[in-house]
Amino acid sequence: MITVTGLTKQYGKRLAVDDLSFEVAAGRVTGFVGPNGAGKSTTMRMMVGLTRPARGDVHYAGVHYRDLRHPARTVGSVLDARCMHPGRTARDHLRAAAALSGIPGRRVSEVLAEVGLESAADKRAGKFSLGMRQRLALAGALLGNPPVLLLDEPSNGLDPDGIRWLRDYLSSFAARGGTVFVSSHLISELSMFAHNLVVVGGGRLLAAESVGAITARNDVCVLVETPQPVELAALLAAHGHTVEETADRLVVTGTTRAVVSQIAFDGGIRVLELTETSRSLEDSLLDMTRSSAEFASN
Amino acid sequence: MNTAHATSSTDPAAMHLTEHRPATRSNGEDARSVLAALKSDWIKVTTVRANRALLLLTVAGGVLVSWAVSILVTDQVQYVAEVGFFWTSVTSMLAAIGGVLLFGSEVQHGTLASAVAARPARWVLALSKTLTAALLGLVLGAAGLAAGFGGAVIAGLAAGDTSALVGTIGWALLFTTLSGVLGLGIAMVVRNSTAAIGGFLVWGFVLENLFRLFLAEEIARFLPFVAGNHLLAYANDLESPHALAIALTRPENAFVFGGYTAVALLVGTVLLYRRDAD
Numbered sequence: 481m482i483t484v485t486g487l488t489k490q491y492g493k494r495l496a497v498d499d500l501s502f503e504v505a506a507g508r509v510t511g512f513v514g515p516n517g518a519g520k521s522t523t524m525r526m527m528v529g530l531t532r533p534a535r536g537d538v539h540y541a542g543v544h545y546r547d548l549r550h551p552a553r554t555v556g557s558v559l560d561a562r563c564m565h566p567g568r569t570a571r572d573h574l575r576a577a578a579a580l581s582g583i584p585g586r587r588v589s590e591v592l593a594e595v596g597l598e599s600a601a602d603k604r605a606g607k608f609s610l611g612m613r614q615r616l617a618l619a620g621a622l623l624g625n626p627p628v629l630l631l632d633e634p635s636n637g638l639d640p641d642g643i644r645w646l647r648d649y650l651s652s653f654a655a656r657g658g659t660v661f662v663s664s665h666l667i668s669e670l671s672m673f674a675h676n677l678v679v680v681g682g683g684r685l686l687a688a689e690s691v692g693a694i695t696a697r698n699d700v701c702v703l704v705e706t707p708q709p710v711e712l713a714a715l716l717a718a719h720g721h722t723v724e725e726t727a728d729r730l731v732v733t734g735t736t737r738a739v740v741s742q743i744a745f746d747g748g749i750r751v752l753e754l755t756e757t758s759r760s761l762e763d764s765l766l767d768m769t770r771s772s773a774e775f776a777s778n
Numbered sequence: 155m156n157t158a159h160a161t162s163s164t165d166p167a168a169m170h171l172t173e174h175r176p177a178t179r180s181n182g183e184d185a186r187s188v189l190a191a192l193k194s195d196w197i198k199v200t201t202v203r204a205n206r207a208l209l210l211l212t213v214a215g216g217v218l219v220s221w222a223v224s225i226l227v228t229d230q231v232q233y234v235a236e237v238g239f240f241w242t243s244v245t246s247m248l249a250a251i252g253g254v255l256l257f258g259s260e261v262q263h264g265t266l267a268s269a270v271a272a273r274p275a276r277w278v279l280a281l282s283k284t285l286t287a288a289l290l291g292l293v294l295g296a297a298g299l300a301a302g303f304g305g306a307v308i309a310g311l312a313a314g315d316t317s318a319l320v321g322t323i324g325w326a327l328l329f330t331t332l333s334g335v336l337g338l339g340i341a342m343v344v345r346n347s348t349a350a351i352g353g354f355l356v357w358g359f360v361l362e363n364l365f366r367l368f369l370a371e372e373i374a375r376f377l378p379f380v381a382g383n384h385l386l387a388y389a390n391d392l393e394s395p396h397a398l399a400i401a402l403t404r405p406e407n408a409f410v411f412g413g414y415t416a417v418a419l420l421v422g423t424v425l426l427y428r429r430d431a432d
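From first to last, the protein sequence lines are chains A and B.
The numbering of the first sequence is the working numbering, which starts it at 481 and goes up by one.
The numbering of the second sequence is the working numbering, which starts it at 155 and goes up by one.
Simulated from the structure, these hints should not be mistaken for lab results.
Treat the hints with caution; some may be incorrect.
Using C-beta positions, here's what the derived DEER-type ranges look like [as the list claims (entries may be wrong)]:
hint : chain 1 : residue 1 : chain 2 : residue 2 : range
1    : A       : G734      : B       : G182      : 31 to 41 Å
2    : A       : S609      : B       : A207      : 18 to 28 Å
3    : B       : S394      : A       : A534      : 37 to 47 Å
4    : B       : R186      : A       : L495      : 39 to 49 Å
Covered stretches of chain A, going by a simulated chain B footprint (3 or more residues, C-beta under 8 Å) [what the hints assert, rightly or not]:
hint : segment
5    : 535-546
6    : 578-587
7    : 667-674
8    : 704-715
Virtual Cβ for every residue (Gly too), placed ideally from N, Cα, C.
The shape of chain A in the complex, shown without the other chains:
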């Protein structure tokens, strides 16, 4: 299990990660999601000791990363798939990594086979496609047979076949008791195999719960078209409902048409259209992180 407690990182005046606390359970795939600039990569770098936090700690079953006897055999990480010398072959890249961690050389051929790169083992990494680099980076993370995998956007550059392979691999890894902590922008893809989600925005924790719980809480919403949006929004808010005003209608989450209709009727407010819709996990997460997105399209 990974325990993150009060992790904080500041760059100048900018608070990149703000008092982040969560747990990553063993035997589970935990997704790490958030918009660009939310602090995901910074958090993951702090989790493997590459970036020093201003405050806070990360423990792996009670042990700090820097104190682990065999870090590479406990935590396999892929934080940037481009991290390899372009002039070195895949095999030599892994040989050097294995040697550094005291891992037997035979593991190099084993992990190359696991990720499907045996035929490209003696090819220079500079000639690799992004997908091949992702696979090589994953091979490096698997060298030590670690029980924990930390992956930052591992499916970038993978083709659909590769994404499916990765999904199946991580699912079976967790099913065998491994701990998987994976960040991804592909929320729909992540929702297919993640058990839990940690959602961050603006460096802060927005949610840390199961996929089912997030989906259930934000599942249903009611779209209301009315000539009196301001009055109706105030009335709904007074009844404790969450209301969002869009260009031409109100969006009321976590309630039903019947409830909204009754409130409008009781308030003497005319309603032109009342539609109940269910939201995808992606919509739920986008709503959750919208206000903290650093870069957002119109």
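With chain A fixed as given, assemble chain B onto it according to the hints.
Relative to the frame of chain A, chain B by itself:
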């Protein structure tokens, strides 16, 4: 303490993770891990073309320059025991470049982060790279000397006075060894291969020669490459009789050049600890 372990993933049914507390590392284990880090660094050095190119340049340049000097310089008698060392000044620069690339390429290509993640005790990485840079400097120095002597022999020069040859070879190898480590130290401070290499070349071939025009000879003898090149102890026609008279001894020159190396390495190691491993 129990160790969290997993069996080979080639046997999926047998893989399991316990929630037991993973084993922790001692300082003794860090010390023993230097050997593993050395092995890794040597793999890195020997598997990129840039370092093979450095070795080839050292050998080819040494043979060519020694042969050319032997053939073209006819106004004085030359001997193998002297001409063989002429290329060492350049070899020292090549060794410094090798030292720069040892660290600079890791920063440039992001492999430093992987290394730090695998070995959180950063002094292990610093020590391993220091020893590797020293070994690289030694190998290049030996290759350069062999090429230098070889070129002079091919040109048909006589051996000359060989009484101090072994000693001078030793000092020359110390010069190239320390140059490799100096390159590493500068790269650890600057973190940019291009800037570090450019700085070395400009400083060594241009700035120091300019400073020597303006500085008093009592001060100029403490410039790094002035001290380093004096380890080779062949007479330099550009130096005044006063400069030659007050020149430091070889051990003193080694101390000066080694001092610059030690400072660069120390500052670089401190920065390796203080900076994030990006």
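### Task
Mind taking a look at whether chain B covers the segment 535-546 of chain A? Criterion is 3 or more residues with CB to CB distance under 8 Å.
holds (count 6)
### Message
At least three residues with a C-beta closer than 8 Å to a C-beta of chain B: is that true for the segment 578-587 of chain A?
### Response
Result for this restraint: holds, n = 4.
### Task
With respect to the beta-carbon atoms only, verify the hint that R186 of chain B and L495 of chain A lie 39 to 49 Å apart.
holds (40 Å)
### Query
Quick one: are G734 of chain A and G182 of chain B within 31 to 41 Å, going by C-beta?
With a Cβ separation near 58 Å, G734 of chain A and G182 of chain B fall outside 31 to 41 Å, so the hint is violated.
### Query
If you look at each residue in the segment 704-715 of chain A, do at least three have a Cβ nearer than 8 Å to any Cβ of chain B?
Our answer is that it is violated, as 0 residues pass the Cβ test (under 8 Å) against chain B, missing three.
### Task
Count the residues of the segment 667-674 of chain A whose CB lies closer than 8 Å to any CB of chain B, then report whether that count reaches three.
violated (count 0)
### Query
Is the gap between the beta carbons of S609 of chain A and A207 of chain B within 18 to 28 Å?
holds (27 Å)
### Message
Verify the CB-CB distance for S394 of chain B and A534 of chain A against the hinted window 37 to 47 Å.
### Response
Distance hint for S394 of chain B, A534 of chain A is violated at roughly 57 Å.
Of the numbered hints given earlier, the model fails hints 1, 3, 7, 8; all others are met.
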